[in-house]
Amino acid sequence: MEQKKYWQSFGELNNSEAYQQSSKDEFQEELNIPFEDSKGLFKGVTPRRDFLKYLGFSTAAAAVAASCEIPVKKAIPFANKPEDIVPGVANYYATTYVQDGDVVSVLAKVRDGRPIKLEGNEMSPLTGGGTSARVQASVLELYDTARLRFPTIDGKEATFNDIDKAIGSDLAGLGGAPVVLLTSTVTSPTTKEAIAQFLAKYPGSRHVVYDAVSATGILLANEATYGKRAIPNYRFDNAKVIVSLGADFLGTWLGGSNEYSLQYVKGRKLTDKKLDMNKHYQFESMMSLTGSNSDERFLHRPSEANAVTLALLSAVNGQGANGITDAKLKAGIEKAARDLLANKGAALVVSGSNDVNVQIVVNAINEVLQSGGKTIDWSSTVNYRQGVDSDFAKLVDDLNAGTVGGLLIYGANPAYTWYDTKKFISGLQKVRVKVSFNPKADETTQLVKYVIPDHHFLESWGDAEPKSGYISLMQPTISPLFKTRQWQDSLLKWAGATADYLGFVKQYWIGKLGSESAWDKALQDGVVNPATEPAATAATFNAAGVAAASAALGSAVRKGKYELVIYEKTGIGVNGAANPWLQELPDPVTRATWDNYAVISPALAKSLLGIDLARNGDSDSYEVHPDKPVIKITANGKEITLPAVIIPGTQPDTIAIAIGYGRTEKMGKAVVGSGKDAFPFTSYNGASVVNTVTDVTVAEVKGETYRIAMTQTHGVYATPQGVRTEVIKEMPLSEYQKHPSVILEEREEELKPFGGVADFEKKGTIYTYHDKPGIHWGMSIDMNSCFGCGACVVACHAENNVPVVGKAEVARFHDMHWLRIDRYYSGDMENPNVVFQPMMCQHCDNAPCENVCPVDATPHSSEGMNMMAYNRCVGTRYCANNCPYKVRRFNWADFMGADSFPNNQDELSDVVLMMNDELTRMVLNPDVTVRSRGVMEKCSFCVQRTQEGKLTAKKEGRPLKSGENNEWDVKTACQQACSTNAIVFGNINDTKSAVSVTRAENHYRLYRTLEEIHTLPNVTYLAKVRNQDEMEEKAEKGAKAETKKEA
Amino acid sequence: MHLKYESQLREPLVSGNKDYHQVSEDICRPIEVKPTKLWYVGFFIAITFLCFGVYCVYREVTYGIGQWNLNKTIGWGWDITNFVWWVGIGHAGTLISAILLLFRQGWRTGVNRAAEAMTIFAVMCAGQFPVFHMGRVWMAFFVLPYPNTRGPLWPNFNSPLLWDVFAISTYLTVSLLFWYSGLLPDFATVRDRAKTKLRKMLYGVAAFGWTGSTKHWQRHESLSLVLAGLSTPLVLSVHTIVSFDFATSVIPGWHTTIFPPYFVAGAVFSGFAMVQTLMLMLRKVFLLEDYITMGHIEAMNKVIVLTGSIVGVAYLTELFMGWYSQNKFEGYTFWYSRANLFSPYGWSYWGMMACNVISPQIFWFRKLRRNIYVTFFMSIIVNIGMWFERFVIIVTSLYRDYLPSSWSPYYSPTIWEMGFYLGTFGLFFTCFFLFAKYFPVIAIAEIKAVLKTSGENFKETVGKEEEMQPETFAHEYAHAH
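Protein chains in written order, with the UniProt record's numbering: chain W, 1 to 1047; chain C, 1 to 481.
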């Protein structure tokens, strides 16, 4: 056969060189290694194989070279180390928080010359180391950008010399016209001396004490019945039955003293063996913090307050609750009276009314109950509130009459707080010499010629006597930041004294204490207490005024369809609105921030706004939108439009508005756009300021809404599957006494398939069990002790550099609180029970957040802490989604100015920028990283404190102490701040630690939130027990009312 | 002899009596002529959306996630909803190219190229969300496991989000390879038809020197099979892993073992709907009615009604379990937060039910299955419904979970949050317009392969010969000589 050549292409036919090459290459198998021939990278045979490699490298190199530019901030060390400053080690100085008459002994934590945090002074028997939210927040006011920075004459800066000369000559030129020194309550003995010296220099002059929210009623009633214009030492701890007639003694009554909450809770602590607690009745018109903690609470209209007081008197006199028509209320009064009478000598009735007659009747009731010398102790008096409204009213008249030549103002701000500011201002204008010592350009200071701003208390020397015989000393913790001067120095100077105030204080106390070393010790301790606690004494009761007072109260009160209560908020009070920490602290009951609003009842919401919270759809649509309907309230010829916030437990025809808002913009960025002024709705009845209006009209402003930034919404929390009790556990005292172990048994029952309570940790999982040797941190929170004040929340802000985000961001649910106090309602919507639950990272031993983080930014420590590595976090927020407790907080924006992007704070509100001011940032705790935008953060169990405590123990070569014999190496910030010791923290592997002891003593009440999902939280709660015979809803049998648990 | 059985009932896969040349002509035409005005308008709109999206992302990266309305309770909202939605859409491509290839479904050839392109673009869009939803996107490389100087510090291999990283990147890589290897012969066709030097060079590079040699074809076929084999488990795994993001968590409404199959069915469902949307437009604009026939549309509608019913069963199973488990939290989530029309997000649940379960049932009717307008409308409805599904899963589970104190107020997105989503549409359509203009939108080579068995022209000539009895054949051709 002929060998034919078959060809497919011309190349093949001609067998060209190109064809040969291509046919050879078609099946080429060997690889070419580029570096083999050492010709360099790109000269290699196949550099394309490495293309991606080079591309990757060069992109990465370019990216590294082009980015990562972080501004350099220089830290300059001391050339010579100051004697008492060790960098990185805090010094603590005992000093005293003083504001508007409130006094709390504190320790100021000073780091590198800057006070950064206040802790309660545990040597003070009054507070036992507790603080309040306002105390915790006051350190921020030291660094407030709105503080006045120098003395001014007519708004122009002046030197102290000039201003002293000008005032001196002005005062001298008054020609005998009296000078009036107007202050808020002064408790300082040395200041009183200084005032006396000053007044002596200007004959005819006088000192007027004016409290924005005064205790006139109590002071005058005590004068009438006991002959003493003073407030006795109430002893809530000696009371088995407490009846409060609208007194918010856990919140704001008499300045919101920590003493009362400490005493009150003493009577409410339970253990497995101690099954008895005090009983607290509250009669009020709106849900106050105290009312929300009461065992039994009864509602009345504000205008009925007098009648309720009288009815209680007649009831304790055995005549029944006369004059009360409402059956529920009447039964309540009679029940309270029965309980009071059954506990004579261990009963206490207090009233929040500022009406002298009411307080006289209250004194009469207490007299019947033999409270004197038991629950009302006259051996010492309480000095927080000394102002009497009529004194100030007279001053205003004098001012208008032109008979006052000079007015020196310290701590008072009547141009804002007086019910008739116009009259005060017109009178003020007739005064020739006007001086203000107020630290900020408040409403009154703006109207004054001479302004000599006072030091902040952390820059001041001084003392205070909150309760007679109990002294608290004040010493500066930083040299004055601005050209300010202590007002006492001014007084002494103008009085012609040679010594300055420091010398004056020192001399005074060396004289009292006997020696300089005693003074040094007192200063170091911060407090001087009586050697032995004085025995409680009673005062003689003069019943002469009671009949007249009763008659006056019995006369008819004009009563409209709706009534108004003006109240003081727990956090804000009168003067807190300029403090971002306090503004951002949610109100304990309403959970709203940054504003005041009209609190209305669900019933009023239904009739006025057509919102029926009992209907699910309605309640959802009202609750899930922060824009609330606006109502117009007209009273006393004045009107105000405010958003309506529906709060269960408000009397149906009552509207409540908080004071403290609507401030002048000069108070600082925090007050801008924050609420409206409610002081104009107060009135003066000739003896005292009245905070209720009994005839108001209310109308909805159609089509208008106002955004309220709330950190918690309401919603019904029940399913067809039954009552949800895994978050909150609560029971009536009667049940606890009958069957204390019921909660433990329920837990046992529920966990039985998984090994029961004891073995749940091991048997509730398919994974192997790990030992937890060494230290294991844990916390116990007693819900019977927590009353929801929020001191811990602010303490956490201060300790952990938690950012303030401002109203707009809170409204978007972007608040950053590491620790929050959840509020839950149970029972009916008209008058529910309230439970507070502090909620922070539960530091679960089987934490759902930990395993979902793609970059391992939140691992578990060997000491049981759930930790955050901020610089590892990329911000996927998966951990927050997967946290059943929703305690993780994400940095939605550059709240702290911590990252290197320029201009990225443009869109944040002014108040956030204020917190980023160079001055404000001095308050930051250098031990805690300031988190940048885009990272997650949460409660760390104050890891910086536990580390410090461990080091202390290690240096001293001993095991860590967490509460054994009340010795502490570590307390978390929230625990330290708590005025009632509701929070106990420590090493749970140490059986003697306080937390272990607490858990062991409260075996029955102990529970873990959401225990059944096997997160194994290291935070345990002790169930709430309410001193009720039988929960009313229990009577209705289970499901219905109890499923109405609301959040 | 007739080697393949051809159903008498089945329609031809390619209509219009095409021969090989016509196929090349038809499919290469859009590449070789100037684009129409419609193309320019569409492209411009897509680019505009893309630019807006880039601006939205720029704002988010500069100012922080606070640009979005997510909050302390709802950590994921539109971002992850869109991510899951886009990933789901990306599923049809692989299903069509891989599983249908393995099952020898001839009809896939008409749509596989565009469907695969859609997959790749959809996965690209999906990838934007997990990256840019990070608070510190510049640290996103932390999720990559590579030896580093930080210890070395490795990512957390327990985290479903990390599994996502691997799943999505693997999926993208394999899909891209599959798509590109299929494109090689077609690029070569375009190259060979090229009339300018530049075009020749560019398509020549893109064709990787394809000459059409037998060896090339042999390798190409093996590679296709290997990649199809690799992709097949991916079709199941990718959305399974995406569903793990939710299923492995503790949140009621997420913590559900039904999620993996339910997510895969949902993904196929939405993917086919998206393929329908795109194909219907493509065949109209580029006059490809002969290649993407009513038969294709009907086949895909059948898949839609099947998978739609599967997700429907899944929804009902969830509701049933919500009641049957007697778990209070699940009961609350499924019956109150979702199925209760009067709860704040009740509308989204019922929107989902209406779009995904109820409306696709119309495809039980042949007439409606074969109606282009109904199909187009339904494809949009299904995609809306599937978006709702993801929204329902993510938001209604989170906003009211365990602790009532943290129940969130109403979440609605900001303009920047929506803009990011619109921007990914811009990205998707920009890519798709470029693809339609510069790439053969139908697999020329594969169409030619099916012409043999189902092309009318083929049957008339060659096919007839094959069917002849030997005697007839001999007789016929005897005359030819």
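Simulated from the structure, these hints should not be mistaken for laboratory data.
Incorrect hints may appear among the rest.
Said to hold, decoys possible - Restricting the straight-line Cα-Cα distance to at most 30 Å, the calculated cross-link-like pairs of lysine-lysine (DSS-like) are:
(1) W:K483 <-> W:K109
(2) C:K215 <-> W:K4
(3) W:K24 <-> C:K215
(4) W:K483 <-> W:K434
(5) C:K437 <-> C:K448
(6) W:K53 <-> C:K448
(7) C:K200 <-> W:K752
(8) C:K197 <-> W:K738
(9) C:K197 <-> W:K24
(10) W:K762 <-> C:K328
(11) W:K335 <-> W:K394
(12) C:K200 <-> W:K24
(13) W:K763 <-> C:K328
(14) W:K5 <-> C:K437
Stated by the list, open to error - Some chain W residues flagged as far from chain C (calculated, every beta-carbon gap over 10 Å):
(15) A415
(16) S426
(17) K506
(18) D815
(19) D822
(20) N851
(21) D856
(22) R872
(23) C873
(24) Y878
(25) N891
(26) E907
(27) V928
(28) G934
(29) T1015
Unchecked claim - Computed footprint of chain W on chain C, listed as stretches where at least three residues anywhere in the stretch have a Cβ under 8 Å from a Cβ of chain W:
(30) 47-56
(31) 150-159
(32) 232-240
(33) 288-296
(34) 333-346
C-beta: ideal position from N, C-alpha, C; glycine also.
Is the nearest Cβ of chain C still more than 10 Å from the Cβ of V928 of chain W?
-> At about 19 Å from chain C, V928 of chain W clears the 10 Å cut-off, so the statement holds.
Agreement of K24 of chain W and K215 of chain C with the hint, judged by alpha carbon distance not exceeding 30 Å | holds (13 Å)
In terms of Cβ atoms, is chain C entirely out of 10 Å range of N891 of chain W?
-> violated (7 Å)
For the pair we were handed, K437 of chain C and K448 of chain C, check the Cα-Cα distance against 30 Å.
-> Given that 30 Å is the threshold and the Cα spacing comes to 21 Å, the pair holds.
With a cut-off of 30 Å on the C-alpha distance, tell me whether K215 of chain C and K4 of chain W pass.
-> Holds, at about 24 Å.
Would you check the hint for K762 of chain W and K328 of chain C, treating anything up to 30 Å between C-alpha atoms as holding?
-> holds (24 Å)
Any Cβ of chain C at or closer than 10 Å to C873 of chain W, or is the non-interface label fine?
-> Per Cβ check, C873 of chain W is inside 10 Å of chain C; nearest 7 Å; violated.
For the pair supplied as a hint, K763 of chain W and K328 of chain C, confirm whether the alpha-carbon distance does not exceed 30 Å.
-> holds (22 Å)
Regarding the pair K200 of chain C and K752 of chain W, is the alpha-carbon distance no greater than 30 Å?
-> This hinted pair is violated, its Cα atoms lying about 76 Å apart.
No chain C beta carbon within 10 Å of D815 of chain W's | violated (7 Å)
10 Å cut-off, C-beta based - D856 of chain W kept clear of every residue in chain C | violated (4 Å)
Holds or violated: is the Cβ of R872 of chain W farther than 10 Å from all Cβ atoms of chain C?
-> R872 of chain W not clear of chain C: closest Cβ-Cβ about 7 Å, inside 10 Å.
Hints 6, 7, 8, 11, 14, 18, 19, 20, 21, 22, 23, 24, 25, 26, 28, 29, 30, 32, 33 from the list above are not met by this structure, while the remaining hints are.
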